[in-house]
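Following the hints, put chain B in place on chain A, whose structure we already have.
Here the protein sequences come in this chain order: A and B.
Those letters in the first sequence? Residues 199 to 538, per my numbering, in order.
Those letters in the second sequence? Residues 199 to 538, per my numbering, in order.
Keep in mind that the hints were calculated from the coordinates and are not lab data.
It cannot be assumed that every hint is accurate.
One copy or two, either will do: identical chains are not told apart, so a pair holds if it fits within one copy or between any two.
[Stated by the list, open to error] Distance condition first, Cα-Cα at most 27 Å in a straight line; then the derived DSS-like pairs of lysine-lysine:
(1) K440 - K395
(2) K458 - K493
(3) K493 - K422
(4) K263 - K202
(5) K296 - K440
(6) K296 - K395
(7) K413 - K296
(8) K469 - K263
(9) K422 - K201
(10) K202 - K296
(11) K376 - K201
(12) K493 - K454
(13) K225 - K202
(14) K395 - K268
(15) K268 - K422
(16) K395 - K202
(17) K376 - K469
(18) K440 - K201
(19) K454 - K225
Now for the letters of each chain:
Number of protein chains: 2
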Amino acid sequence: MAKKISRQTAVFDDLIYIKSYASIAGKEESEGPLGALFDEISEDPYFGQETWEQGESAFIRAAVKNVLRKASLEPHDIDTILAGDLLNQCVGSTFGIKEFNIPFIGIYGACCTMSEGLMLGSMLIDGGFGSNIIAATSSHFAAAERQFRFPMHYGGVRTPTAQWTCTASGAVILTEDKSDIGVKGFTTGKIVDFDVKDASNMGAAMAPAAADTIKTFLDDTGMKPSDFDAIVTGDLGTVGQKLLFELLEAENIDIKNQHKDCGMMIFDRNKQDVHAGGSGCGCAASVLCAYFLPKLQSGEMKNILFCATGALMSTTISQQGGTIPGISHAVWLTDVRSQR
Amino acid sequence: MAKKISRQTAVFDDLIYIKSYASIAGKEESEGPLGALFDEISEDPYFGQETWEQGESAFIRAAVKNVLRKASLEPHDIDTILAGDLLNQCVGSTFGIKEFNIPFIGIYGACCTMSEGLMLGSMLIDGGFGSNIIAATSSHFAAAERQFRFPMHYGGVRTPTAQWTCTASGAVILTEDKSDIGVKGFTTGKIVDFDVKDASNMGAAMAPAAADTIKTFLDDTGMKPSDFDAIVTGDLGTVGQKLLFELLEAENIDIKNQHKDCGMMIFDRNKQDVHAGGSGCGCAASVLCAYFLPKLQSGEMKNILFCATGALMSTTISQQGGTIPGISHAVWLTDVRSQR
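Same shape as in the complex, but just chain A (with noise of 0.2 Å):
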């Protein structure tokens, strides 16, 4: 059973465990510093569909594929599939996994999608409504691009605080038999608004919730920033860094020795004409289950706050001239070999 410690926040009191997870990235992403760490890369955008949005859903099937592989399960041994993405009405997911035939959640998270997956999957294990259940999610730098921002062959220049959405999928299947990787908490975000407009400075859309998530985990479980191996932001970019460590240094609380940010880690940004960094679902979906968990598996990180950022933006609403507010949820994942 869960014990829940405030609004926000819960503890599992039994952890929820991690089974597998598995990770699959495009080109751009296989030539940045964490290349060799995918389990599989295609360099073919399009990975084999007609179209960029088809090819999105190839990386999240191929990523579940892997998933279920690496568990030795099939798709009839998932209980419950939660998935979402970046694209208009979630296609890339719904197209993606339809079929596998498994119970479909659907969710929506926008670059958070990954903590929200794992966040509802462990409650829905620990409340007894599964044994094997899916989190996963996607997005795709040409899809994303065309959808949000322009078209590819207008050859728009790109400001300095844009980020380069990931072409990336990650999946996660977490579980009731115990191993390694646990989840032991988590904290649900709010939709936190600091009025940012520009849809290419997505880190300051996204820090001011991942600033509220952070300190609320903090508060709530009276833990410390030293407590953790690492506190990972999914795609805030330089820019979003920045603001993040200013807005918790007004609380008093300093992460940057802990800090690491998915959107900074995916790309070499002296090599890489990224901008500010990578974003994406896929990017802290994929980060993670690359090199994080690994790093859990080996033991070499003991705990890690996965506080993954969505921007809530819409082309709709941007052009009538509204805000992007942002949202993260926190997701305390541990080496459970270390909680013994």
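Same frame as chain A, but now just chain B:
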């Protein structure tokens, strides 16, 4: 605790209760047969805002305000709000609820969002993750029409199979505190794709999913259609209803005496030019809150199987020649006094 009786279906040993429910609808809906039953009517589709999308947000905001008022609760009394809608990136919900500052879990189930919210919210309360949880959703005729089909001023002729997206919202507060209405169980749906490609024939796209979920629920629980006063679908309309009956008859299931479709109930198709009926997330949600939950409250109905139905459609995919898969989640709602 819940008793999970199959991969898709669970029945609660301890009921999850409904503390309050609220509905709001627009002008066309107010002129239909259920017009007098909604808690609030806004004849202005902008609801005092500048755009239709902002108007939709104002509708869900009003539904949440009403449901809080009816429960004598404040936003800070709510542990989590589960919400989503049809607008790209679910911005109807994001901008509608952000001012409440309630921990938010974004969901996407197209027009089955209210089923999804009730199902997830019930699991969260059963698991001890909250005492009061709101499930809410909305839709807006003009915002949906210009997003999914044609610009409003184009004056396109609607086909006979087309449905009318309701301008409406519904919100429910799920709770652990005893009340007269409860959630007794649910069946999580799968994505069902019958290869329908006509964005003006949502009923045909969704009926196979509804049939699959209803059959699964009845098989898993061993219940009969006659155990229910009503088996309610969201927005199949006349076209979808016919297909639903055919699909279930092929499985030797006859629900003709129990079937009610919110899309067929909300408008008077003889007097109102809505073609096959109403649709949209707000259709099932507002009819549930205006008609069915009061029938359980009064004791006139004892058991309802509420199966909102979603068409997982996106213009991006339709323009690429893709299909429109459907999904439906079933929620068993009961008059608590009849359980004693």
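Hints versus structure:
1. K440 - K395: For K440 and K395, only the intra-copy Cα distance (18 Å) is at most 27 Å; the inter-copy one is 47 Å.
2. K458 - K493: Result: close within a single copy only, 13 Å intra versus 53 Å inter.
3. K493 - K422: within (20 Å within a copy, 52 Å between copies)
4. K263 - K202: between (34 Å within a copy, 26 Å between copies)
5. K296 - K440: between (40 Å within a copy, 25 Å between copies)
6. K296 - K395: between (35 Å within a copy, 16 Å between copies)
7. K413 - K296: Result: close only across copies, 19 Å inter versus 38 Å intra.
8. K469 - K263: Answer is neither: 32 Å inside a copy and 51 Å across each miss the 27 Å cutoff.
9. K422 - K201: So K422 and K201 pass the 27 Å test inside one copy only (19 Å; across, 38 Å).
10. K202 - K296: Between copies only: 23 Å across, 34 Å inside.
11. K376 - K201: both (19 Å within a copy, 22 Å between copies)
12. K493 - K454: within (19 Å within a copy, 57 Å between copies)
13. K225 - K202: Neither: 42 Å inside a chain and 43 Å across chains, both beyond 27 Å.
14. K395 - K268: neither (42 Å within a copy, 35 Å between copies)
15. K268 - K422: neither (34 Å within a copy, 41 Å between copies)
16. K395 - K202: neither (35 Å within a copy, 45 Å between copies)
17. K376 - K469: For K376 and K469, the Cα distance exceeds 27 Å both inside one copy (42 Å) and across copies (61 Å).
18. K440 - K201: neither (34 Å within a copy, 48 Å between copies)
19. K454 - K225: Result: close neither inside a copy nor across copies, 30 Å intra and 54 Å inter.
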